[in-house]
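For the protein sequence lines, the chains are A and B, in the order given.
Numbering-wise (this note's numbering), the first sequence opens with residue 1 and increments by one.
Numbering-wise (this note's numbering), the second sequence opens with residue 1001 and increments by one.
Rather than coming from a laboratory, the hints here were simulated on the basis of the structure.
Take the hints with a grain of salt, since some may be wrong.
As the list claims (entries may be wrong) - Which residues of chain A face chain B? A partial, calculated answer using Cβ under 7 Å:
#1 4
#2 132
#3 135
#4 334
To be verified - Derived pair list, reagent style DSBU-like, types lysine-lysine, alpha-carbon separation capped at 30 Å:
#5 B/1091 to B/1198
#6 A/133 to B/1310
#7 B/1310 to A/340
#8 A/37 to B/1120
Even for Gly, the Cβ is constructed at its ideal location relative to N, Cα and C.
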Amino acid sequence: MNKSQRVFEVSRTLLAILISLFLAMIIIFLVSETPGKALWLFLFGPLDSLRHFGNVLELMIPLLFTGLAISVMFSASQFNLGAEGAFFIGAIGASFIAVNWHLPPVIHPVVAILWGGLLGSLFCGLPGFMKVKWGSSELVSSLMFNYIAFFFGLYLINYFLRDVNAGAMVSYPFQKSARLIKLVPRTRIHFGIIIAAVMVIITTYFMYRTRWGYRIRVLGRNERFAGYAGINTNSAILLSQVLGGFIAGIGGSIEVLGLYRRFTWQLLPGYGWTGIIVAILARNNPAYIPVAAFFLAYMRIGADIMSRSTDVQNEFVAIIQGIMILLIAADSFLAGYRHKMVVKEARKTQSGGAA
Amino acid sequence: MDQFFQIIFSSEFGYGVLRVTTPILFATLGALISDKAGVINIALEGIMLISALAGVIFSAMTQSAFFGLFMAVIFGALTGFSLGYFSLNLKTDVILAAIAINFIASGGTVFVLFLVAGDKGISSSLASKVLPKVNIPGIENIPGLGPVLSGHNILTYIAFLSVFIIWFFLYKTPLGLRIRAVGENEHAASSVGISVVKTRYIALVLSGVMAGFGGAYMSMGYVSWFSRDMTAGRGFIALAAEAMGGAHPVGGMLTSLLFGFFDALSNSLQLLKIPFEFVSMIPYLATVIGLVIYTVQKTKQAKRILEQEKT
């Protein structure tokens, strides 16, 4: 992709975001009695205190992981939607180690996170395995696995880890040594954000600077071509799914060890689904994932703040997100301009070559 | 174990199987039509949710269950149409477009539910209507079979009738032939003058109509209210059922019944002392196992054909 095309893609994405935000505005004005206040809180609420801005960064951490995971899996053109389940099962695995094992401080979370990552990679690897071995649709099987992970995870927590004295469906408290340290006082921003940043760098390096990353990207562009070029497509597919699952799994582990004292989820957290939007916004490029994750986290927190003190419900973010995906993923959206631009460029290089 | 068999062979259980199969069957037929046109419709889940809410709202507004059903189907068709617009006109990847529609459906239904019912979880404050149950004279009185087959919601009968209608439509009408041609080989189809885009639009709208019926059944038959995310993955299960059914209406019906069986089983087993988490897992686990068996079978078959060609 040359420079002007990249500029075009970025401005196209920005335009799609602007249109979605404009729609958000219309919805707010339609349903709210105090539209001015609602809109203000939605757009600037996250900036009004350190605590609120901290919330944005806290929410950004899981989105970074699931966004990265999905960008790797989607780069191979595999619609594996298992990031949701891998995140959940990773969190459960880490909780078991955090509750039951006794290890020194730094080693404890490392072991728990790696265990969560391993479970996640198995979880996302399974649909990939079924795909390369038997050709079962990874889309359908990963969706089913998400439900299985959810119910099986709840079973494990409720029958093996449940604290009967707690009065709610929660696990025993984690060992102190397993929890991640907080970085910024008066917020809940934890060490996970640093791990996430490192993961972004490693994943970008892997996808764009190593042989295997290249193979995965070629495969995603055109599986048949990759096969002709001598790439073992099956192992590249498997590798991308296992890696994606690993990233989602450590994401889940880090989320529970960083934010909570016990395992408390009774529902799938939904970060796997939001991760899809993150990956689409970032065009599956790991380097852009932080921008996309920050943006979505900001929007979510803005909507939460808005719904707490006005009559607009925060679910309207889901509508905005859906419209954003539709516009950004629409190849023909502004395609006329792109076509004109490409033709113009081609003319320019042609006349340049002739002269 | 005795208790287990008592449950399975009771007529209540048989009745329950048909009852829970209905929404899956509608969605499976929806998946079938779009798959025949060469489009994977994973928006079925979202379409069912939207239709379920539309049915509740409009039946409460007009106090007519059938008008609610009508609007549910219209909304299903419209959502199918918009999936077509984004994937066919704007060239969005159809899977991503469907994921977006599922997002909009999941959040949007809760958003609208709060606006009309003042509650984010359930629509019980709306006086919505339920579609009538039908007793079939004659069959009604047969011992054993009567209680299983008779007295169902009218949509249950429509669902099983649709299996035949869809079969006839796909295999015996010119439009059905066009749909299958487009799905089989779009270049060949367009070379003989079939409009690929138009045919896929029709298939997606019809797919939306079927999911619309399924959604209406969820909120106006299965239960008498709308609750958030009430479809609980049935649209996704339908995709598996359609694939396992060999992309044929009758096969789809049989696999839907199989999932219905496991779904009903998970409802009944809660009476026994099995952890509910395990029981809730059954339909999804059955889906995966079924999918594996089906695809293993298919790869074996493909290998056999390949070997035959060699010799």
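Worksheet item: Holds or violated: residue 1310 of chain B with residue 340 of chain A, Cα cutoff 30 Å?
Response: This hinted pair is violated, its Cα atoms lying about 51 Å apart.
Worksheet item: Can we keep the residue 132 of chain A interface hint, with Cβ of chain B closer than 7 Å?
Response: violated, 11 Å
Worksheet item: Against chain B, is residue 334 of chain A within 7 Å by beta-carbon distance?
Response: violated, 10 Å
Worksheet item: Holds or violated: are the alpha carbons of residue 1091 of chain B and residue 1198 of chain B at most 30 Å from each other?
Response: holds, 14 Å
Discussion item. Residue 37 of chain A and residue 1120 of chain B were given as a pair; does the straight-line alpha-carbon distance stay at or below 30 Å?
Written reply: holds, 22 Å
Worksheet item: Regarding the hint that residue 4 of chain A lies at the interface with chain B, is the smallest CB-CB distance below 7 Å?
Response: It is violated, given that the least Cβ distance between residue 4 of chain A and chain B is near 21 Å, above 7 Å.
Item to complete: Would you mind confirming whether the straight-line C-alpha gap from residue 133 of chain A to residue 1310 of chain B stays at or under 30 Å?
Response: With a Cα-Cα distance of about 22 Å, the restraint between residue 133 of chain A and residue 1310 of chain B holds, given a limit of 30 Å.
Discussion item. Given residue 135 of chain A as an interface hint, is its Cβ closer than 7 Å to any Cβ of chain B?
Written reply: Residue 135 of chain A check passes; min Cβ-Cβ to chain B is 6 Å, inside 7 Å.
Violated hints for the displayed structure, listed by number in ascending order: 1, 2, 4 and 7.
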